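K.L.:
Heads up: the protein sequence lines correspond to chains A and B, in order.
Anchor point for the first sequence: position 91 equals 91 in the working numbering, and the numbering is continuous, going up by one each time.
Anchor point for the second sequence: position 312 equals 415 in the working numbering, and the numbering is continuous, going up by one each time.
Calculated directly from the structure, the hints in this document are not laboratory data.
As the structure is a prediction and not an experimental result, all values here were calculated from the model.
Check each hint, because a few of them may be wrong.
[To be verified] Using C-beta positions, here's what the derived DEER-type ranges look like:
#1 A/R25 x B/E215: 23 to 33 Å
#2 A/R25 x B/G444: 30 to 40 Å
#3 A/R25 x B/D275: 29 to 39 Å
#4 B/A408 x A/G77: 44 to 54 Å
#5 A/H40 x B/A559: 53 to 63 Å
Idealized CB from N, CA, C, for every residue including glycine.
So you can see what is in the structure, the chains are spelled out below.
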Amino acid sequence: MNEDEALSREARSVWLAHPEGLHARPAIQLTKLAKQFQAHVWVGVSEDGPWTNAKSIARVLAMKTPTQTKLYFTAEGDDAPNAVDALVQLVRSDFKSVSDDGK
Amino acid sequence: MTGSSRKTATLRLNGTPVSAGLARGALVVLEERAHTRRDRGSPQQEAALLERALNDARNDLADLMARTEDADAEAILAFQVAMLEDEVVTAPAFSAIERGASAEEGWRQSMEIQIKEYHEAEDLYFRARAADMRDMRDRVLRRVTGTAAAAVPAGSIIVATDLPPSRFLEIDWDGGGAALLEGSPNSHVSMLARARGVPMIVGMESAPLDGHGEAILDAENGMLVLSPDRAATVEFTTRQQAAELARAEEARHLALPAVTASGERVQVLMNVADGSELEKIDPQHCDGIGLVRTELLLRTQDDLADEEKQYNTYRRIMEWAGGKPVTIRTLDAGGDKPIPGYTVDGEANPFLGVRGVRLSLLHPEVLTTQLRALARAAAHGPLKVMVPMVTGPRELDHVRSLLEATVSNLRHARIPCAMPALGIMVEVPAVAVTIDLFDAEFYSIGSNDLIQYVTACSRDSGRLSALQDPLQPAVLRLIHKVVDHATKHGIDVSLCGDMASDVRCVPALLDVGLRCLSVAPAALGRVKGSIARYKTAVTGGQARETRSA
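Kindly produce the complete structure, drawing on both the sequences and the hints.
P.N.:
Next comes the structure, spelled out in structure tokens:
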């Protein structure tokens, strides 16, 4: 699947295949990773937003994203490209890699 | 007791008994009184207090996580830690504190809003998260107030500011009891305590409880005895033995039909909250069910629209009664019993507002669903449908025409049903005064609300309890008038308020001619015993009233 085509400089999409959707466990990993960056990081389910603060577990959960959804990430700040890379990588690996490939 | 620790002096605290009984056990303070009584700090101090509590709660959870080997438990704990680290979750509490709330008020209120959002979600997964949110809320609150984790061993003597009914139901009360600093005799938790025979006092004096480990709760005289000395322990044991004898006497009466010392048969019915209490009760111990409070069964809008669920619940109650009469009250929401999205919010005086049948007639579709379920249940036995908060005859006429239309529709659809008897709850003084104007098949006197409306005393106010004495003449005269009218015209009349379960009131009710009482399940034996000791007053109904006037 050609999931990570670039939408703009910092917004990219990735296919969410985790069977639970973006529920507690994956959402915790996602927000933890997002918090490692200085940049503001947002997640959405459409390229036009609405955008959700990817550092807030409460907000990310409230999206109630089911499995088989295309997720979009965008960021703003010094390390924005790295942040988006890392998050896309996390989702693509089906949340198995909370590795340091985002550094 | 032990040589190493200094013995704490006995301390006696007074309160109002709301559910009689004696209990002795380990003291458990559920909420530090500081929770509401401590001096509020500056917003900066309150914010620092909450910040500390959040940190402590996160550390507690991290400790728990380190100790657990169960992946699911770990995930639940990780979720709570992540939520507590999220500013989106915590910021509203800090904003509330900035506006003047205490740390616990700010936290509790902001969590309530978020819990509600989860609780109302359609997605089952999200709804389940509400339980996690409550867990977090309470963990942080315990940290704010410095209270130990609230695992309550069975049979404890619990001291709390107040107890939400749901919390009450979670606790194993076997042999224990509760003393509340707030609360009132008519709060729901007091009713639950009476229904389940859990000794309870409310409005208790406050005092520091540090150092006290054991307590005796005397919910006969309204007293909590902390660190009881030898004399208090001996007295407790003696009285407990006497109470056991009395219980044995009650148990003997429980299985027998109620008959006065003069040989008159009195019907003793039972009040039912949500039907779950029926499992433990032998139908032979009562003459039927005098009140089913359907607002305790129907808590959400989904329940209100679910005819099948209602029908099954009502049918099960009919089957339990096995041919004895069952009176089911139509939805009595409003007042202190809100249903989100159904009751009217923000009324200045909800007890005098849109509640009971007033509310039902604003939602004819909801009432019709309930009437359909009731008419179908009526096919399973003698069912009586009681309409609450009726003020004028037209309200009853309105409900009757809806009921008739409902039964006719069911018959057309060939759905098994029967026309239940339709009667009214007599609780608005206007009805008691003009009882002859109502074309009802039976009357059930709701003494709790009748007393509150006749004496102009709010049920919630513990301070007005002297004015609300059920034995004062105004209330008794109204009851007498209703019973007289009913007796003359051969209309069934019963009384289903707390008065009927109060052995102090039973002789007065028999004096005014009442021969049918509907009581709390825990009071069945006691009330039957009181009836068995009763001799018909020679001078008729006015006797006791004159004495108490």
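K.L.:
Give a verdict on every hint.
P.N.:
A quick look at each hint next to the structure:
no.	hint	result
1	A/R25 x B/E215: 23 to 33 Å	holds (26 Å)
2	A/R25 x B/G444: 30 to 40 Å	holds (33 Å)
3	A/R25 x B/D275: 29 to 39 Å	holds (33 Å)
4	B/A408 x A/G77: 44 to 54 Å	holds (49 Å)
5	A/H40 x B/A559: 53 to 63 Å	holds (59 Å)
The structure agrees with every numbered hint stated previously.
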